[in-house]
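J.: Sequence:
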Amino acid sequence: MARIDAIKDEEIDYSDIPELDDDFFAKARKESVTARFDADMVAWFKAQGKGYQTRMNAVLRAFYERHRGG
863 MARIDAIKDE
873 EIDYSDIPEL
883 DDDFFAKARK
893 ESVTARFDAD
903 MVAWFKAQGK
913 GYQTRMNAVL
923 RAFYERHRGG
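863 is the number of the first residue of the sequence shown in the numbering used here; add one for each residue after it.
It is possible that some hints are incorrect.
Unchecked claim - Below 30 Å or equal to it, Euclidean Cα-Cα: the simulated DSSO-like pairs (lysine-lysine) are:
no., residue 1, residue 2
1, 892, 908
2, 889, 908
3, 870, 908
4, 912, 870
5, 889, 912
Derived from the structure by calculation, the hints contain no laboratory data.
Given these sequences and hints, build the entire structure.
T.: Set out below in structure tokens:
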């Protein structure tokens with residue numbers, strides 16, 4: 863974890879994450895669910911500032927888009 867914590871935001875390559883533009887949000891449909899995450903993961907996302915749940919969703923969506931097949 864120390865090695866990951868040492869990485870600066872500017873050093874992270876986000877090039878494979880799709881842009882979340884206005885069109886994306888216009889088409890987005892929300893569903894409320896209860897999910898369990900490891901405490902350290904939630905703390906890390908929260909430490910990035912306001913909007914941590916949106917960022918967590920974006921990470922899950924990027925994973926989904928990459929692995930859904932078809």
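J.: Next step is simple, just say for each hint if it's right about the structure.
T.: Each hint tested on the structure:
no. : hint      : verdict
1   : 892 x 908 : holds (21 Å)
2   : 889 x 908 : holds (26 Å)
3   : 870 x 908 : holds (16 Å)
4   : 912 x 870 : holds (18 Å)
5   : 889 x 912 : holds (23 Å)
Going down the numbered hints, you'll see the structure goes against none, and every one checks out.
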